[in-house]
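Using the sequences and the hints, build the whole thing.
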Amino acid sequence: MWMLGALASAAGFAFSTAASHRAARGIRPVVGLASLSHLAGISPAYADTLPAGGGFDAFIALSGKLTGHASFDPVLGKRAYKALSRADSQFTQNVAALNTWLQTHGGVPSDTVTQALQAEQPNLAKTVSAITRAWYLGLVGDSPNVQVIAYESALMFEPVKDILTIPSYCRDVPFYWTRKPSNA
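Counting with the working numbering, you get residues 1 to 184 for the letters of the sequence shown.
Check each hint, because a few of them may be wrong.
To be verified - Calculated lysine-lysine pairs in the BS3-like style (CA-CA distance at most 30 Å, straight line): (1) 78 / 161; (2) 78 / 126; (3) 82 / 161; (4) 180 / 126; (5) 161 / 126; (6) 126 / 82; (7) 180 / 161.
Everything labelled a hint here was simulated from the structure, so no lab data went into it. All values reported here derive from a predicted model rather than from experimental measurement.
Below is the structure:
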């Protein structure tokens with residue numbers, strides 16, 4: 001879990017730094033992103049009014065609030081939504097509840113929201129973690145039933161995509177590198 005927090009923190013720093021540099025130079029990419037997301041059929045994640053219910057548009061809006069991203073790959077978004085809905089029978093209700101909670105409480109990024117919800121509504125905190133894990137790590141569910149929904153398009157690679165060559169495949173099961181080698 002620490003890795004997810006570290007990735008989310010790094011991504012948050014990268015996005016806030018980039019946003020402050022754009023603001024200092026007077027660049028306002030929001031209008032262009034709104035047009036592109038509309039053409040892609042995805043609601044902008046930064047809209048003041050979040051979609052009602054727990055459907056796909058509400059999930060995308062919530063994902064935007066939690067990750068700081070204004071747009072998402074629509075195919076990956078649908079894959080994530082379907083996998084998360086299958087993994088948790090209360091997922092759509094939790095998405096609706098989280099969107100309502102965010103409108104009344106605020107608090108982003110995801111680690112701030114999760115911390116606030118831990119004592120109050122742990123089922124919603126778990127949904128926040130599941131959503132950010134799906135986007136950043138490309139994983140849904142828990143071992144041994146974890147489903148890989150993305151690898152090279154997972155958001156964990158965003159902050160380093162200009163420096164690292166992102167492998168187009170996973171060399172083993174998720175987190176294979178955490179096991180002690182058999183010959184050691």
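How the hints compare with the structure:
1. 78 / 161: holds, 23 Å
2. 78 / 126: Distance ~20 Å between residue 78 and residue 126 Cα, so the pair holds.
3. 82 / 161: The given pair, whose Cα atoms are some 27 Å apart, holds under the 30 Å limit.
4. 180 / 126: holds, 29 Å
5. 161 / 126: holds, 28 Å
6. 126 / 82: holds, 17 Å
7. 180 / 161: The given pair, whose Cα atoms are some 28 Å apart, holds under the 30 Å limit.
Taken one by one, the earlier hints all hold for this structure without exception.
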